[in-house]
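Trainee: Following the hints, position chain B against chain A.
Protein sequence lines correspond, in order, to chains A and B. With the first letter of the first sequence counted as 1, position 74 gets the number 73 in numbering that gives the first Met the number 0; the numbers rise by one all the way through. With the first letter of the second sequence counted as 1, position 118 gets the number 117 in numbering that gives the first Met the number 0; the numbers rise by one all the way through.
Careful, some of the hints might be misleading.
What the hints assert, rightly or not - Computed cross-link-like contacts, EDC-like style, restricted to lysine to aspartate or glutamate with a CA-CA straight-line distance of at most 20 Å:
1) B:Lys32 x B:Glu123
2) B:Lys115 x B:Glu46
3) A:Lys63 x A:Glu117
4) A:Lys31 x B:Asp67
5) A:Lys66 x A:Glu117
6) A:Lys31 x B:Asp65
Said to hold, decoys possible - Sample of chain B residues at the chain A side, in silico, Cβ under 10 Å:
7) Arg7
8) His9
9) Met63
Hint data in this document are derived by calculation from the structure and do not stem from the laboratory. Backbone N, C-alpha and C define an ideal beta-carbon position, used for all residues, glycine too.
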Amino acid sequence: MILLTRKAEFSAAHYYWNDAWSEAENQRVFGKCANRNGHGHNYTLEVTVAGEVNPQTGFVVDLKRLKDLMHSEVVDVYDHRHLNLEIPEFRDRVPTVENIAVSAWERLEGKIPGAKLERVRVYETPDLYADCFGPEVSR
Amino acid sequence: MNVTFTRRYHFSASHRLDCEALSPQENRDVYGKCNNPHGHGHNYRVEVTVRGSIDPATGMVMNMADLDALVVGSVVERFHLANLNTDPLFQQEVPTTENLCRAIHRLVVAGLPQGKLDRIRIEETENNFFEYAGEAARG
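This is chain A alone, in the form it adopts within the complex (with noise of 0.2 Å):
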């Protein structure tokens, strides 16, 4: 088996807030990250697929494919977007960079032709970064 891994990024603005909770307990929970006219980030997505190389084309997935599938699922939908107001995901998911990942990772599990998800990564910055293994544990 061989793992693949292939970078994109994409450019968003969020902001962190919980509505069953006061402002004082956004404010006291989330920091500056649950200021109401957001932020935004550079993200990068890194996707990890596993499968076996294929003997004709010695590729163990087109890296073309994988990269319009990123980005038609993902990067094209969260580029230049706000998270929290059109994306739909995130109307009741925070946009934290774990749930980032986990919702990049229900967008392109099952699409990746002929190998397996292994692992979505998403940085928010170059010292912040969250890892989704998927539902079962794949380490």
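Mentor: Below, chain B without anything else, positioned relative to chain A:
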């Protein structure tokens, strides 16, 4: 979903690799340049990875502000701009980055709920890094 959250921290410190049980010549043979009596230093990069389910109220595996307070307070402030050989943790152990990685694991795991810390990864330079997930993880 199986999710981890990773935060990267930075500190700069000096050290000298020298084992009391070895002769001066043996130390020079084993540690080479790292045995220079006057020491040398690195810009260390530490990745702290925590695991767990995402709290639906916050969208977080762990509040980053709490993790920052723990790691900055117990690790970064302790080692930044310090000589590792003078730290009580390295009176019996050579401050190799292997040992530093385990020492940081001990300091961080002590401040987290059981099972929360996934691993410590430390880069001594861009070309070498060390990871420690605790003894239990060796299975």
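Trainee: The structure should be examined with respect to each hint, and the outcome stated for every one.
Mentor: The hints, checked one at a time:
Under the criterion of a C-alpha separation no larger than 20 Å, the hint pairing Lys32 (chain B) with Glu123 (chain B) is consistent with the structure, at around 15 Å. Restraint check for Lys115 (chain B) and Glu46 (chain B): satisfied, since their Cα atoms lie roughly 14 Å apart, inside the 20 Å limit. As the CA atoms of Lys63 (chain A) and Glu117 (chain A) are separated by approximately 18 Å, the hinted pair is consistent with the 20 Å bound. Taking the CA atoms of Lys31 (chain A) and Asp67 (chain B), the gap is about 15 Å. The hint holds against a cut of 20 Å.
In summary, the hint linking Lys66 (chain A) to Glu117 (chain A) is supported, as the alpha carbons are separated by about 16 Å, within the 20 Å threshold. A C-alpha spacing of about 14 Å is found between Lys31 (chain A) and Asp65 (chain B), which places the hinted pair at or below 20 Å, so the restraint holds. Given hint, Arg7 (chain B) at the interface with chain A, holds; its Cβ is 4 Å from that chain's nearest Cβ, closer than 10 Å. At a threshold of 10 Å, the smallest CB-CB gap from His9 (chain B) to chain A is about 8 Å, leaving the interface hint in force.
With 10 Å as the threshold, the beta carbon of Met63 (chain B) comes within range of chain A, its nearest partner Cβ sitting at about 7 Å, so the hint holds.
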